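Chains as they are written, first to last, in this note's numbering: chain H, 1 to 303; chain D, 1 to 344.
No lab work stands behind these hints, which were simulated from the structure alone. Since we're looking at a predicted model, the values are computed, not measured. For every residue, glycine included, the Cβ atom is placed at its ideal position computed from N, Cα and C. Be aware that a few hints might be false.
Claimed, not checked - Beta-carbon label-pair distances, calculated as ranges:
| hint | chain 1 | residue 1 | chain 2 | residue 2 | range |
| --- | --- | --- | --- | --- | --- |
| 1 | D | 105 | H | 128 | 53 to 63 Å |
| 2 | H | 27 | D | 73 | 49 to 59 Å |
| 3 | D | 134 | H | 267 | 42 to 52 Å |
| 4 | H | 209 | D | 177 | 53 to 63 Å |
| 5 | H | 150 | D | 134 | 57 to 67 Å |
| 6 | D | 23 | H | 86 | 43 to 53 Å |
Stated by the list, open to error - Simulated coverage check for chain H against chain D, where a stretch passes if three residues somewhere in it have a Cβ under 8 Å from a Cβ of chain D:
| hint | segment |
| --- | --- |
| 7 | 162-173 |
| 8 | 279-289 |
Claimed, not checked - So the derived list for chain H, only partly shown, Cβ under 10 Å to chain D, looks like this:
| hint | residue |
| --- | --- |
| 9 | 30 |
| 10 | 202 |
| 11 | 203 |
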Amino acid sequence: MSTEPDRGHRQLRLMLAPYLLGLVVLVLGPFVITLALAFTEYDLIRPPVWTGTGNFTELTRDPIFRTALVNSLVFAAVAVPLRLLIALALALLLHRRAMAAGPARTAAVLPAAVPEIAYGLLWLWLLNPLYGPINQVLALGGQNGLTVFGRTPPQWLTDPADARAAIILMSLFTIGETFIILLAARRSLPHDVYELAALEDATSWDVLRRITLPLIAPVLGLLLVRDVIQSLHFSFVPALVVTDGGPPPYATTYVPLFAYRTAFEYLRYGYAAAATLVMLLLTVAAVAVQWRLLRRYGRFHDR
Amino acid sequence: MTDAGLVLEGVSAAYRDARVLHRLDLEVHRGELLVVLGPSGAGKSTLLRLVAGLHPVAEGRVLIQGRDVTTLRPGRRNVSMVFQSYALFPHLTALDNITFGLEVRDVSRAAARERARAAAASVGCAHLLDRRPGQLSGGERQRVALARALVREPDLFLFDEPLSNLDPELRVETRGELKALHARLGVTSVHVTHDQTEALVLADRIAVLRDGRLEQLGTPDEIWRSPATVFVARFVGSPAMNLVPAGGPVAPEGMPEALGPERLLGFRPEAVRLDPTGSGAPATVERVDVVGEDAHAYLRLADHLIVARVPASARPAPGDPAEVAVRWADVHVFDAGTGQRVPL
């Protein structure tokens with residue numbers, strides 16, 4: 001009797017081993033090292049010097065870090081909801097069998113399949129203020145390079161606000177994965193419930209508000225949490241490749257780029273580790289808050 | 001015409017290229033409970049979905065209380081449907097499920113709740129209103145679905161095999177309640193099932209459907225006592241009616257005239273007598289199934305296998321010789337070619 005579960009457990013451990021090994025060596029190990037380095041001064045040449053909370057007090061006074069932190073938070077606050085909204089709208093639009101739904105779905109997913117650096121370089125061209133297609137389209141019908149309304153088209157790469165908008169704009173097209181998950185979630189919803197709504201003469205707004213949204217809310221919640229965590233990542237490459245952290249003063253320097261520069265260009269590993277740690281803690285806090293909200297909602301869903 | 005609760009006029013329906021209903025004509029009287037009975041794939045559910053507006057009508061017209069609804073969308077037909085799966089909203093409480101149809105029609109929340117409570121009370125689920133579908137048993141969900149269908153006071157009720165997901169005991173109980181409910185409300189109802197007992201018990205009239213065509217429309221008594229076709233005769237009744245060619249192995253007692261092999265003689269298992277009076281046809285008992293008080297004895301007569309329902313206490317043993325006798329009064333005559341009943 002007792003050997004059966006034992007065998008099951010042994011098999012479980014065996015099958016988990018490769019993953020756990022990878023997790024410890026590649027993720028937990030570096031994390032612990034980062035944690036330790038955050039309290040030191042380290043330049044890769046001399047051995048680390050313990051400085052206690054020195055790095056953190058310096059961070060609180062560092063205007064560049066403060067800018068980077070605000071940039072990251074604003075990016076997450078704007079880009080994440082917009083990404084979810086667009087992916088949801090596309091999923092609800094394209095979940096039915098309809099003409100051209102297949103190609104449209106492919107088109108929605110495709111940008112996410114482009115390698116990040118290539119995607120960045122592509123946007124560098126798209127956003128070029130003079131000969132980039134975006135501004136050329138915006139200047140259509142206008143004169144002297146101005147838009148129809150006589151305004152200067154956005155200076156994507158040189159104006160701080162426009163550059164931030166450009167980074168957000170770039171992130172709005174890489175929603176392929178979110179889109180696929182929402183598409184699958186929508187398609188897995190029971191059909192009969194929608195037929196019943198049709199019999200009750202519910203308007204499409206009622207159907208969306210009272211049926212579709214509540215039923216896919218758990219998935220949306222999960223994607224929200226995931227995107228908040230991920231938003232740190234997908235601001236890094238565009239900021240590095242397209243705007244190079246600029247335009248001045250540090251308009252698109254986000255925390256990951258700040259940490260990258262501090263570590264690999266200024267060789268201040270301890271300081272970079274501290275910055276990373278702060279961002280990590282903020283992410284954990286954000287996720288914890290969302291998780292609590294979701295749990296409260298999830299109680300209505302237990303089947 | 002305006003007297004009819006529901007009229008189908010030459011209605012056809014298709015899934016892609018496959019036709020599932022063929023120019024069906026059907027009239028359901030106002031206040032009547034019509035049961036649509038048929039095997040899987042006969043087009044029963046399509047018929048229901050077509051009336052509800054969930055499936056397009058390829059040709060013909062659908063009228064509800066004299067109103068042509070053929071091109072109206074489902075929400076404008078004023079019908080309620082109870083789905084086989086109940087189709088309850090998993091994220092809403094029973095109460096919110098019941099009020100859904102009222103709220104999307106802009107009935108005030110307070111009024112909707114009051115009506116929902118009344119509807120729930122009438123089907124005995126008033127104590128379940130705060131629960132979600134996930135916390136309800138199959139029978140309880142069925143009641144909530146029923147209350148939701150009732151609450152709007154529709155012109156027509158549609159039931160899509162609502163009892164098929166219940167366990168047998170509950171099914172019998174709910175069947176009785178459905179019948180009582182219909183008697184009380186008197187709303188025109190169409191109830192789809194493949195369960196012949198359900199059909200015989202519930203129906204004011206039964207429409208037997210086969211391959212998208214109406215085989216017979218009649219009261220349960222008519223369906224049982226004078227089935228219009230071989231198909232109806234075999235489909236209703238368990239075990240199925242025996243069919244042997246006339247002039248064959250079985251000669252019913254008191255048959256007025258000799259019939260040729262172009263006629264089929266049908267008689268129910270309970271009409272077969274096994275008492276050896278010397279005049280019956282000789283047979284051998286091949287197999288005996290005992291079902292509680294009853295026994296179904298399968299008898300071999302030359303090329304034919306005949307079922308007799310006998311009391312379990314008086315059942316023969318397999319291998320026994322037996323004599324089969326049937327009275328002419330219990331015999332139905334069908335045309336062997338067309339399968340149609342031959343009037344006598």
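Results of checking the hints against the structure:
1. For residue 105 of chain D and residue 128 of chain H, the hinted distance range of 53 to 63 Å is satisfied, since their beta carbons lie about 55 Å from each other.
2. For residue 27 of chain H and residue 73 of chain D, the Cβ-Cβ distance of about 55 Å falls inside the hinted range of 49 to 59 Å, so the restraint holds.
3. Under the hint 42 to 52 Å, the C-beta atoms of residue 134 of chain D and residue 267 of chain H, about 58 Å apart, miss the expected range.
4. Restraint check, residue 209 of chain H to residue 177 of chain D: a C-beta distance of roughly 34 Å breaks the suggested window 53 to 63 Å.
5. Between residue 150 of chain H and residue 134 of chain D the beta carbons are some 60 Å apart, a value that agrees with the proposed interval 57 to 67 Å.
6. Between residue 23 of chain D and residue 86 of chain H the C-beta distance comes to about 49 Å, which sits within the given range of 43 to 53 Å.
7. Counting residues of the segment 162-173 of chain H whose CB lies closer than 8 Å to any CB of chain D gives 0, which falls below the minimum of 3, so the coverage claim is violated.
8. Counting residues of the segment 279-289 of chain H whose beta carbon lies closer than 8 Å to any beta carbon of chain D gives 0, which falls below the threshold of three, so the coverage claim is violated.
9. The interface hint given for residue 30 of chain H is violated, since its Cβ lies 42 Å from the closest Cβ of chain D, which is over the 10 Å cut-off.
10. Contact between residue 202 of chain H and chain D, as hinted, is supported at the beta carbon level, the nearest pair being about 4 Å apart and thus within 10 Å.
11. For the restraint placing residue 203 of chain H at the interface with chain D, the shortest Cβ-Cβ distance is roughly 7 Å, inside the 10 Å limit, so the hint holds.
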